[in-house]
Every structure is written in C-alpha cells, then in structure tokens.
Amino acid sequence: MKARFLKALATSAVLGLGATTAATSAECIAPANPGGGWDFTCRQIGKILFDIGQVDAPVQVTNMAGAGGGLAFSTVVNERNDDAELIVAASSATTTRLAQNAYGGATADQVRFVGAIGADPGVIVVAADSPLQNLGDMVEAIKADPGSVAFAGGSAVGGFDHMKPLQVLLAAGFTDITKVKYIGVDGGADAITQTVGGFTQAMTGDMSEIVGFLKSGEVRALAVLTEERVPGFEDIPTAREQGFDVVAVNWRGLYVPGGISDDAFNAWAAKLQAVADSDEWKQAMADNGLAPFTKVGGDFQNWIDGVIAQTQDLSRQLGVIQ
Amino acid sequence: MDILANLQLGFSIAFSPWTLMLAVVGCFIGTIVGALPGLGPSNGVAIMIPLTFSMGLDATASLVLLTAIYYGAMYGGRISSILLNIPGDEPALMTTLDGYPMAKAGRAGDALVISGVASFVGAFLATIGLMLLAPLLSRIAYQFGPAEYFALYVLAFSTLGGISSNNQAKAAIASCFGLMIAMIGLDPNSGMPRLTGGNLHLMDGVDFLVAIVGLFAVSEVFFFIESHGKSGALGITLGKVTIPWAEIWTTRWTMLRSSFLGFIAGVLPGAGASLGSFMTYMMEKGIAGEKGGFGTGVAKGVAAPEAGNNAAAGGALVPMLTLGVPGSGTTAVLLAVLMTLNITPGPTLFSDRPDVVWGLIASLLIANFVLLAMNVPMVKVFVRILQVPPALLMPAVTMISFVGIYSLTGSYFDLILVVAFGVLGYVLRKMDVPTVPVIMGILLGNQMEKQLRDAMVLSEGDWTYLFSSGISVGLIIAAVLGFLAPMFLRRYMTKPQAISD
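Line order of the protein sequences matches chains L and V. Residues in the first sequence are numbered consecutively from 0, following numbering that gives the first Met the number 0. Residues in the second sequence are numbered consecutively from 0, following numbering that gives the first Met the number 0.
Only chain V is shown next, with the shape it has when bound in the complex:
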C-alpha cells in the first residue's frame, strides 16, 4: 500500500512537536482571521508570509503553518456569519442565510456546533479525496475550457433569483448591481482600465471584502442608528450550549452530498470555494423542497454551505499541487509561497517532493482534528459575543473591519468605499432588495465575463462555441431548468420566505 507508506512518511514529518505547534497556532490565528469580517483567508495567509520568511521556516513547516491558517479561516468565517449576519469571509456568505435566523431564534450554539461539524466533515473528506485522487482528478481541469467555465457561471447565476429571495426580479436587479460593480477595474482581455475615472485605486477593481463589510456590517450600523438602538436584533437569550447530536445526524446526507459537490467545485480551477458553498446550498434547498424551510434557520441550511466551502478549500489544493494552477485566491497565495520556497508545483510534485506533499496532507488531517477540538468547545466563548450590548458590539465590529480593510492596501480610499457600500446596503435593504446577490455578482462577475470573452476570442465570435462540448451543454441545460423551475413551482409554494430581515 503506497498510500499508507506515504502517509506514514507524512505523519513522521508532521508529528514533530514543532510542526504540531505550528499547526495549532495556525488553526487559532486562522479561526480569528476568518471570523473577522475585514480579513479573508487569502489576506490572512498573505499577511503571515513575511513571518515564515523571518522565522526561517523550511518548506514543510511554512506549508503546515499557512495551510492551518487557511483551513482555520474557512472554519472561522462561519462564526460572524451566524452571530452577526456579517460573513467573515466570502465563502461564508451563504451561511448567513440560515445561520443568522438560527441565532436570532436563540439557537446560536446549535448553529455553530452543526456548522463546525459540517466544516469538519467537508474538510476531512476533501483531504481524503486529495490524498487518494489528486493525480487522477487533476485531469478534470483539462476538460474545462472557457466555454465550460462560462456555462458553470451561468448555472450559478440562473438559480440565484430562486434561491436568495422571494422576489426574483429584485434578486436579478441585485445581481446586476454586483455585475456592474465587477466591471470596474482592468478590462480582462485588453488590460485597459475601465470605469475607473483615472483613479489608480480602482484599477484592481472593488475588493469583495470591501463590499461585504460595507453591505453587511456598515449598513447594519445605519439600521441600528435609525432605530435608536432598539432594532435589538442581537439581544438574544442564550440557551445552554449542548451538542445537538440528533440534529447533526439528520444532516448526514446533506453533509456528504455537499462535501462531494464542494470538493468538485474546488478541484475546478475556475470555480472555487464561494461557488462551492453557493451551489451546495442551492442543491440542498432544491432537495429539501418547500417543506425544508431553507432561509428560516434550519440545520441543513448551515450544514450544506459549510461542508461545501470547506470541501472546496481542500479540493482547491488538488489543481494547485498537481498542476500549479490555483483554484482560489488563497491557493494562489499558497502557490506563490511554494515558488518562493523553491518548490514548483506541477505534475511531478508528488514524485519529486513526497516529503512536502505528504507532510502537507498529514498536517491537513491534524489541523482538521485540532480545529474540530478547538471549535466545538469554544462555541460557548463565541456565543458570549452576543451578550455584549449591541451599542458596543456594532461599533467594535465595524472598527475591527475597518482596520482589517485598511491593512489590505494601506489606503484610505478603500475605507471611503466601505462607507459608500454601507449606504448602498442601507438603501437596498430598505427597498427589500437582497444584498447576497450583489456580493455574488462582484465575486463571480469578473470570471464569468473573462471566460465568455476568452471563448469568443478562441471561436472568433462564434457563439455556438459555447455549446460545443457535452459538459457545457449539460451545464447550460441545468441552468435553464434552474431558472425556470422556481417560476412554475411558485404556485405550489405555501409560505413565501424572506431572505433578510
């Protein structure tokens, strides 16, 4: 058994006290970075890079530390999603939909435990998948060209309306807002600045973290001020935190399905964790149907996206290690670190540097158990945050987010943008337009446009190229069905659901 022998090699590297300590430290820092709305996993990892240089860590140790932070951030993102309705990072966006209603119903502890277990299942299965199938799965990337990726994004957008709001038109308008904002920055094909007004700060486009903090955190503050502090969304009575075994058991198939789908989304370099958590949520909502009560605070609604995004985080390591193609922003940063450490990921990495690969896999497994052990007991600590009076909590969260945003670019310009997004978020929510599709538009719009335009370059403007492979046709059919199904199913809906309060 090659795999067992390799795993033994991996554990012999990862089980040194020094590496274990790095994994624990990394998990802890990662969880906090993930939970802070202004910092996402890619920023968390990027900020830590100079540290690995200055500590003189070798390749394996650096990778252990940075991937522990990566996995930790994927776990941590759910905490502020559930407790504050502010996604800690972009893949945790979907967790707000059911996590926050659960918290409002006094079940914050349950939501955190269930999502923690789901995160563990997703990440654990993805790591196993990485271990067993990485060289094989890397071939999938060869099947996806611009047309296939475009179809994948169309699928994501087509179901957006049905998913995130009762009112499809408003959700569509919101996604268009997001797409419009995604247009700002360098034109993906010519590299020319577009809609930047000559402002250098806008050339890289609008960072989605800026949009998330503005639309969710700052607009929450505006609502809070408007109601003179009486909106009291956060004044929640706390039940005793117990582990809801029965409920976890009911979500077992959700977790398994979501892990699988999330992993596949992660393996595709053009998709990534956000798309993973998004598609798993849609899939589970579809399977559960109207009786599932998605959006009202159900266990499956937090289990699906969390299993999905953590599995995608693991899946994203497959193309990164086997092809050197990053599947997400964070793996792009990890890739850069590997290159600096004189390790060139690619088809030969598994045979050339087994110590690095298997050391990494072993440490991922360890990090996962550390995170589960760290997260479930700490739920009590996290839930206490809700006992902080909103008048203190909201400004504090906003301030921390501002510091996080400022640390990304060191420019005040992004802070002004955050406030502008806060105003936008306030207006949109006043008009009952959901803000989740806006973020999805910003997040996915660039890639969708890029893939479409690449497809048009390759086919010299022939649109039938978009339907030239079985994969793209299948995805487009799924997209059309996903768009039309809610319209016909609407009449059978008994109880409309509102997405945001």
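For reference, chain L alone in the conformation it holds in the complex:
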C-alpha cells in the first residue's frame, strides 16, 4: 500500500509540474512539447518581455502539442479568438503547413502574425568529399540528370527543407522539380548522417543543424540562403552572390488571435520590437545560432502573405496540394 501511495504522490507531483499555473496577464502557447524551437520562442520572448518591463507579470507558457501545431491553431481560432492576452509561437513550419492546408482547413487569415525577431538561415551542404564545389555545380548536375543528386532534410516532403533546393532550381530555370529526389528524415543531423554516409548527395537544413559537422570538417556548405553572409560564417557564400536569388530562413516569431483589436495588435508589435532591440535577445540569438531577422507588425503580415502564396505555388507544382 505504501508503494501505491508513493506512486500516487509522485504522479501528482510529476503531473503538477507539467501544468504549472500562475495568475498572470499574458499567456504564450508553444504548440509543441517542451524543448523544441516553439518552446524556446515562448520561453525566451516571455522571459525577456517581463525582464525589460513590457509586461507586469511573468508570461505563462503553455505547451499544446499536436498535429504539428494544428491543435493549438484550431484552439486559438475556435476558442480564444478575441483573447488579447494570448500570443502563440510560430515559425516557417507554421506558414508552410497553413499554405498546404495541413491544419484541417484552417487558413492563415484566421490569425494575425505579429512579427519575427530572429531566424535560422537555410543552408545546402554536401559531404566533404563531394565533387560538387558550389551551387552552380549542383544545379548543372541536376539539369543533366535530375536523379543524380538526392537531398535529405529534416522536414517531410513538401516541407520547408524540401522547398529550399527547389527554390534554387526554379531560380536557375529548372522547372521539372518533381524529378528531384528528396527524403525527409528525423531532423537535420540525421539528414547529414545520410549525406556523409553517401546515401544522399546533399543535405538541406538550417545553419544551427550543421555547425558541429562544419567544424569537424565532415561537410561543406555550398550556400547559405540569406540576403547577406551570416556573421561568424563569413566564408559561406550566399545563394544570391552565386546568381540564384533565393532567401529562405526559418524565422522565429509570434501570432495572435484574429479577433483582437488593431490597438491590441499594435501593442504586441511594439512589445515584440522592444524584445528585438534588447541586449538579452541579442545574447539569446547568439547562444542559439540565430541570425538577426526582424519584421514586425503590418510589414510582417504582408511578408507572410507573400511567403504563403509562394509556398502554395511550389506545393501545387510538387503535387502535395491540389
């Protein structure tokens, strides 16, 4: 009986920790389990908002995992549509899934995107001994034989990692993108393993995923998909300077419920801008391999609309959506 009591006690302790609640004004929903990128967004932004005095009480973080963020999205739309004290962590994955109708019919205009205040730059890398020396070599090889370069990435087919090389190929005038081989594996490191092992010829992912392998010399980066070279990685050329006008970054930001007033929306935009300008956030970005990328308020919403339209167009060409 004692053991059973202990078990029950421990369960309640464990469960209690999972659902720590405090009476606070603002809440941030991380649409995934603790530990991931969305969780990081909520915890860092929430902490800095309080530390720099933008909110009166610590921001409460709620983890709501499910359907790749779809569960949180539908909860916000259906149950908390006019909650002005709610913010939700988002990233490129959010807009990609919205564009591909992966949230069970939900659309991007049902919420309002407040802003992005950091980004993980997209990269395309090959094994150190690969014959491909630059992005041009890769494009030529694929033009000659589309099956000759298989890509591995951390997202599913049609996901953000898949789109990166396709955007480069489209920019180079290669349109037969369904012929390009791509396998989605379990995260960026796994994709590198497959590439170093020779099962795929290139890996597409985020800068933060490749840093360790770059240092150990097992992979070479062909290009980074940003506007400028990334501080700390100045020897990696951008796709742009190699003649392919593609920018693809995995941004980290927030959305808020669609039913809140313009004043409330603008207030969140101002608060987010304050976080972006803070030294604490600059430190957090440096610690986590994020590059500066700030778009806030109306600008961001316009940019998001453009990204979604582009993703939908690509997804249609790929056949992942009708």
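For the record, the hints were derived by calculation from the structure and aren't laboratory data. Possibly wrong hints are sitting among the right ones.
Taking beta-carbon pairs under 8 angstroms as the criterion, some of the chain L residues facing chain V (in silico) [what the hints assert, rightly or not]: (1) Gly69; (2) Ala155; (3) Gly258; (4) Ser260.
Away from chain V, derived, C-beta distances all over 10 angstroms, residues of chain L [as the list claims (entries may be wrong)]: (5) Ala140; (6) Thr192; (7) Ser215; (8) Glu226; (9) Asn265; (10) Ser277.
All residues carry an ideal CB built from backbone N, CA and C; glycine is no exception.
For this one, chain L is given, so just place chain V on it according to the hints.
Just chain V now, kept in the frame of chain L:
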C-alpha cells in the same frame, strides 16, 4: 591515459553533493515514471524539462537530472511488466513474457531482482561502451541507409511469429493489426494526413502508450469484470524475498550477450531500445532452444530483454552525443534540451565540451549504482503491491494510467482511444491472438514503412536497391532464416507454449 583523466574531470563535476542529489532524485522519479503504465521515459523526461528551466539548472546539472530519470525509467518499466503483466513503457514489453509467469508462480521477487541486476549489467556495460567507443561507434551510423534499416525491421518482424505465440498465423494477424494502426497519421513521405477522418487528434498517429494501456491494462479489467473478480491472476502467495545468486550466475552469458546486442541496437539511430529488447529476447530464445522454456517464466527470459533494453538506452546516447542524431524517443527529447541549453551535439562535442560529456558519463555511472542500490532492496516494497486485492489494484492502476495518458496531450480523445484499445485487446485475447505483436507493429511499423519508401525514392523504385549492400543482404538472409526455422523446427517441439493466459 586520456580516458582516466577525462573520467576524473567527469567525477569532479558529478561528485558535488548537489549533482549527486539530483541523480538520486532523478533515479527515484524515473523509476516511478517507468513503472507507471501511462508514462514512458520520453514523457517522463519531457515533463521534467520545464522544471530544469525554472530551477535555473546549468547544462551539466540538467543533463544529470534528466539522464537519471531516463535510466531510472528504463529500470522502472520492468516492475509493472512483471507484477501486473502491463508493460510500464514500450521497451519493457518483452519482459512481460517471462516476468509475469514468474510472478504468477510466486517468484515475483526473484524476477524483480534478476531483471534489476540484468538492467544494471546492461546499463553499466553500455556506459563503458559509450565512454570507450563513442567517437568510433558513431561511424556505424554512416553505414546504415534506408535499405539497411528496412532489412533490420524485416528481421524483427520475420521472427515475431515464431517468438510470441505458438500459432504463427495468429501472431502474423496480430502484427498486421499493429501495422494497420501504424498507418494512421501523417504519411511519412508526403506529410499528408492518412486515415485520420479529418480528425486533428489522429494526425500524429496513435501513441503506443495509448495502445499499451488499452491492450494490456484496460482489457485486463474487462477480464476481471467478466469473471466477477475471480480471475484472481493476482492473488499470489508471496515467498520470502531473497537474492537468487545462483540463478543470476546462470544468466551471466545471457546478460553479456544481450548487453552487447542491445548496445548495438541502441547505437543505430533507426533502431532503438524496443528493437534492442526484442532482438535480445529472440536471440536468447533461439540459443536456449526448446528446453529453455522461454515464455513459461524463466530467469533468462527476464534477464535478456532487461539487459538488452538498458544497454540500448546507453547505446542510444552514442549517436545523440556524437552526431546529434537521436537513437530513440527519449534521446530526441534530451537532444532538444541540449539545444535549448546552447550545446549542439555533434562530432565536436567531445572535444569542445568535455565537461558536459564526461560529467554526463560519470553521472550515468553513479546513477547506475544508485539504481541498483535502490531497486534491489525496494523489491520487497514493490512486491507488496501484489497483496493489494485485485478489486482495488486493477481500477487504481487503470486510473493512474488514464491520468498519465491525459497528461501527455491533455485531450479526452486519447482516453476514448484507450478504451477502444481495451475492447480490441479483450476481443483479441478471447480469440487467443497475442497482443504483443500488435504493439510491435505500432511501434516499428512507421519506421519500417518510412525506410522502405525512402529507399524507393532514392532508387527511383528499383527494388534491387534493398539488396545493394552487404549489411542489408546479411540482415535479409537472417530474416528469412528466422521466419522459416520455426516451421521446420516445429515438428521437434515437444511442448507448445502459450504466450498469454
């Protein structure tokens, strides 16, 4: 000796009173999390993450706490497997096969002690392996592409029939059930929802913990109700708990072999602890042969899977630390924690952050001894659970499982699924169809499909790609032999064994 100097560094970090306390607390919480049917090691670790943030723990301290929970859960999973015939977590599945028959024969204490020692041996050897061979072993991962992984899964499934039931056809049907259930969720290649009926809750697929609780715990309750509480599977007389030294000694080679195989399964990112415990059980059953009496409650039958799954837990840390590739669900969670703590695991981690790596290894060694010390004397406490009248115990276990399941997603939908699985489990067991292959199907089906389809993408549909490397051919040959051998050996079998009662 670099290793000794490094280990000294590690122990100098891990031996602070604060870290030691975290290790002990972690082991205790982990054991309980593992023993509770609704919570597995990955959930246990995930639930504790916010705590490490709010306590402001540094990288080493967080890792010590979380890996202690991880190892603890691997130990704890066996407890409910043996005592209740309900696996506490997915790798403990195989332990039910011999553990529960042992408990029914009044040898619950022996089973717990033997499996505890086996867990220790497996985890200890794996930690040594991690220490000595990690940078070297990480290369193995480069040898395994989709075709090789697919062959590995084929091997696992092909021997399933011979292993878990006397009736291969029924075991095959059961695995197909599992595979069918594994189809639900996002299509692994296109990311499109499949068989979800538009239900967002089904998009992530069916969690195997939901299936385990339903098939094992809830269906047990149905049987209990049907027999008006007289099924009395649990009304067991308790012998005095002694340490069965002689029996432990007879399992020494089993433990060593299983630790080795389990460790290798753990090192392969696509395999993991469940496959580790599964393959070790099959291997030992094969070695012991018909006289071994596997499935009837023998010491080797609990020693093999426990040494295997604990060794796999240690092995899974190898690709996680050296490549940043998680070898199991739990290491995926640990990986996420490392990233949040601004440590990027990868080829340079061992040279960049020796304090983290060796602190972790030292604390794993400590956690292991703590767990052995904690688990063997506590066997008496655990065994007392069996003295609780079933009429109280069964509902209590079910309720705790429900709470555990609910805490994972916070949705009532999973609870409905649990009950549905309970009905399925009741029907299957009524028809004498084993439920273990169903779970294995759910557990391994996704990965097997994913690897096959990736292989087909890479080879543009050329099936000979599946046999294009020595590793995959070897695994496939082993699979064919494993499938055919029981059919020919059947006629020599004297006493058929039933898997479930």
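A quick look at each hint next to the structure:
1. Gly69: 5 angstroms, holds
2. Ala155: At 3 angstroms from the nearest chain V Cβ, L/Ala155 passes the 8 angstroms test, so the hint holds.
3. Gly258: Result: violated, 21 angstroms to nearest chain V Cβ.
4. Ser260: Status violated, d = 28 angstroms.
5. Ala140: Check passes; 16 angstroms lies beyond 10 angstroms.
6. Thr192: At about 5 angstroms from chain V, L/Thr192 fails to clear the 10 angstroms cut-off, so the statement is violated.
7. Ser215: 4 angstroms, violated
8. Glu226: 24 angstroms, holds
9. Asn265: Holds, since 30 angstroms exceeds 10 angstroms.
10. Ser277: Holds, since 18 angstroms exceeds 10 angstroms.
Of the hints listed earlier, those the structure fails to meet are numbers 3, 4, 6, 7, in rising order.
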